[in-house]
Amino acid sequence: MEVEVSTRETYGKTLIELGKRNPSIVVLDADLSPSTMTRFFAKEFPQRFFDCGLEEQNMIGIAAGLAASGKTVFASTFAIFASCRCFDQLRICLSQMGLNVKIVATHGGITVGEDGTSHQAIEDLALYCALPGFTVIVPADAVETAQAIKVAADSYGPFYIRLNRPKTPLVYEENYRFKLGKAVTMRLGTDVTIIATGIMVAKALQASDTLARQEIDCRVINMPTLKPLDEEFLVKAASETRAIVVAEEHLAHGGLGSRVAQVVARHQPVPMEFVNLKDRYALSGKADELLERYGLTAKDIEQAVRAVTSRAKGSP
Amino acid sequence: MPNDIAAAESILDANMFDFPMPKLREMAKKLRRHVVVMTATAGSGHPGGSLSAADIITALYFKVMRHNPKNPQWADRDRFILSKGHAAPVLYAALAESGYLPVSELSTLRRLDSRLQGHTDRNLTPGVEMSAGSLGMGLSFAIGVGLAARLDGRNYRTYVLLGDGECDEGQTWEAALSAAHFKLDNLVAIVDCNRLQLTGRTCDIMNLEPLKQKWQAFGWHTIDIEGHDFDQILAAFQEAKRTKDKPPVIIARTVKGKGVSFMENNAAFHGKAPTPEEAEQALKELE
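Protein chains in written order, with our numbering: chain B, 1 to 316; chain H, 1 to 287.
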């Protein structure tokens with residue numbers, strides 16, 4: 001049976017663990033701590049928690065000042081506000097200065113649901129990947145979230161970690177170890193490689209099960225680190241399976257698909273298909289309804305796989 | 001850390017220069033001359049807002065702040081954050097004259113491979129605390145630095161210089177709200193109120209007045225001074241130190257382009273370097 005666990009709750013609990021072992025950790029939030037789950041840390045370490053109110057731009061500057069004074073700073077809000085609302089501040093205060101601030105944003109993607117377009121962060125990965133020096137991570141489940149948060153705390157420099165609002169199916173056992181900048185093979189296969197990130201990893205696994213019954217042998221890759229990208233791994237997958245599908249909960253441009261295509265085009269061109277939100281905004285609805293309406297289901301991945309394999313067969 | 005630096009810091013609870021008034025005036029003039037030469041040599045830059053801030057920055061580096069040019073990363077140093085990053089030339093001049101970098105390096109301003117970027121860069125220039133240039137961010141950064149001091153039980157102060165035009169930026173007011181909310185009395189904001197912004201008078205472009213009342217309404221202790229009078233500048237920093245439970249802001253009424261007749265109150269010199277002939281004339285006036 002599929003077990004679902006909240007990645008943001010995992011984040012909140014992991015912060016307490018980190019706070020206990022590292023006194024230099026300081027946490028900021030922008031009036032959303034009950035939702036981002038930084039409230040756990042706030043309760044445990046009130047001296048090291050600062051609510052910045054609805055001042056995301058100010059929060060990034062404060063985070064930078066704290067980091068410049070030796071603190072390891074975690075700053076959280078919803079992904080939409082953590083990206084679009086304060087981009088210039090991210091650029092100057094974190095990217096240009098290269099400071100040790102971890103932006104952990106919850107409510108990423110369209111699965112934020114009923115709040116609608118204004119709250120659906122679907123350009124955040126493009127924006128963060130554009131910033132020099134940033135490490136960008138989208139964990140696939142709660143196990144990977146806890147791991148990624150710990151690795152971020154122990155690595156110097158600015159990080160963006162995107163989490164979701166709904167609970168997410170577990171794809172990993174507790175003994176899984178996340179490695180920064182490394183792709184993970186979830187299923188071996190030879191016909192086509194599905195590269196997925198975040199909530200799309202579970203759907204890619206589901207799709208590969210269905211396709212296996214139709215005798216299409218999929219390799220499934222989880223790509224938790226969008227930046228820096230595991231290029232070597234990608235080139236190997238492209239040369240061994242000769243077709244690639246990229247699946248992400250993001251607009252078509254600038255996210256994982258664009259980044260993978262750039263590497264594949266340069267080193268090992270193969271036919272590619274993309275499962276994403278295309279070039280449009282989504283509306284209000286339940287998370288599952290939206291995923292279906294806007295083409296982010298296992299079935300959409302299956303279709304993309306069929307399309308790309310037929311193109312691969314057709315090519316000389 | 002070499003022993004002599006540690007020894008110097010252990011006895012250093014005040015400004016290591018501690019200039020008397022005549023030397024402060026002379027240093028301010030020197031910084032102004034540097035600004036003129038640097039921007040003229042570079043052929044670009046922002047002389048107007050550098051000249052208006054020259055006396056305030058002289059007071060900070062040569063009388064007020066506890067700092068050690070031999071150890072720019074000294075944990076207990078007072079911090080100076082230039083939020084109006086385009087006034088970089090006058091900051092570089094102060095850093096050079098106080099010993100963070102060779103004075104000869106000032107002529108490299110804005111050149112390829114120079115440590116002296118068009119706008120400040122924390123990772124390139126010793127003594128520069130923050131990369132700036134996009135306005136409105138310095139006060140937020142200073143709040144982070146001030147909160148860190150409080151968390152670490154350190155008694156350093158954080159000084160942050162804003163432009164008045166910069167106060168158009170909404171983030172300045174987000175930061176103003178939160179510094180008062182956090183009761184940050186280890187932070188001192190100074191507004192270099194030279195009344196001009198890039199294309200004209202602040203009162204015409206975007207009226208800020210009544211500026212003092214705005215800061216007061218945001219919960220700050222305000223100190224209104226004439227920003228080229230060292231007696232008033234030093235008294236204001238003393239008053240700021242005595243302020244408890246709320247952040248102090250010094251509203252320094254200044255003259256853009258101060259010290260050079262044809263640059264004074266002239267918005268054209270906000271972001272335009274003097275020609276060689278203008279520089280020559282300016283240096284004569286600053287003798």
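Please note that a few of the clues may not be correct.
As the list claims (entries may be wrong) - Covered stretches of chain H, going by a simulated chain B footprint (3 or more residues, C-beta under 8 Å):
# : segment
1 : 100-110
2 : 118-130
3 : 161-175
What the hints assert, rightly or not - Estimated spans, in silico, between C-beta atoms of each pair:
#  : chain 1 : residue 1 : chain 2 : residue 2 : range
4  : H       : D152      : B       : L283      : 35 to 41 Å
5  : H       : D18       : B       : R21       : 40 to 46 Å
6  : H       : E26       : B       : P34       : 40 to 46 Å
7  : H       : R111      : B       : P34       : 41 to 47 Å
8  : H       : G170      : B       : G181      : 25 to 31 Å
9  : B       : S284      : H       : D152      : 27 to 33 Å
10 : B       : P23       : H       : R111      : 41 to 47 Å
11 : B       : K182      : H       : L234      : 53 to 59 Å
12 : H       : D13       : B       : E44       : 49 to 55 Å
13 : H       : D152      : B       : D288      : 44 to 50 Å
14 : H       : R154      : B       : K150      : 24 to 30 Å
15 : H       : G170      : B       : G70       : 45 to 51 Å
16 : H       : N71       : B       : E9        : 42 to 48 Å
17 : B       : D288      : H       : G170      : 52 to 58 Å
It is worth saying that the hints were derived from the structure and are not from the lab. Ideal Cβ positions, reconstructed from N, Cα and C, are used throughout, including at glycine.
Each hint tested on the structure:
1. Three residues within the 8 Å Cβ limit are the bar, and the segment 100-110 of chain H against chain B gives 0, so the coverage statement is violated.
2. For the segment 118-130 of chain H, the stated coverage by chain B holds: 5 residues have a C-beta nearer than 8 Å to a C-beta of that chain, and at least 3 were required.
3. For the segment 161-175 of chain H, the assignment as covered by chain B holds, since 4 residues bring a beta-carbon within under 8 Å of that chain's beta-carbons and 3 suffice.
4. Between H:D152 and B:L283 the beta carbons are some 48 Å apart, a value that contradicts the proposed interval 35 to 41 Å.
5. Taken as a hint, the range 40 to 46 Å holds for the pair H:D18 and B:R21, whose Cβ atoms sit roughly 44 Å apart.
6. Taking 40 to 46 Å as the suggested C-beta distance range, the pair H:E26 and B:P34 does not conform, at roughly 58 Å.
7. Checked against the given bound of 41 to 47 Å, the beta carbons of H:R111 and B:P34, roughly 52 Å apart, lie outside it.
8. For the pair H:G170 and B:G181, the supplied restraint of 25 to 31 Å is violated, since their beta-carbon distance comes to about 37 Å.
9. As the Cβ distance of B:S284 to H:D152 is approximately 46 Å, the hint placing it in 27 to 33 Å is violated.
10. Look at B:P23 against H:R111: about 43 Å separates their beta carbons, and that is inside 41 to 47 Å.
11. Roughly 58 Å separates the CB atoms of B:K182 and H:L234, a value that falls within the hinted 53 to 59 Å.
12. A hinted range of 49 to 55 Å for the beta carbons of H:D13 and B:E44 is inconsistent with their spacing of about 36 Å.
13. At roughly 48 Å, the beta carbons of H:D152 and B:D288 sit within the given window of 44 to 50 Å.
14. For H:R154 and B:K150, the Cβ-Cβ distance of about 29 Å falls inside the hinted range of 24 to 30 Å, so the restraint holds.
15. A beta carbon spacing of about 29 Å between H:G170 and B:G70 contradicts the range 45 to 51 Å that was offered as a hint.
16. A beta carbon spacing of about 45 Å between H:N71 and B:E9 agrees with the range 42 to 48 Å that was offered as a hint.
17. Distance hint for B:D288 and H:G170: a CB-CB separation of about 38 Å, inconsistent with the stated range 52 to 58 Å.
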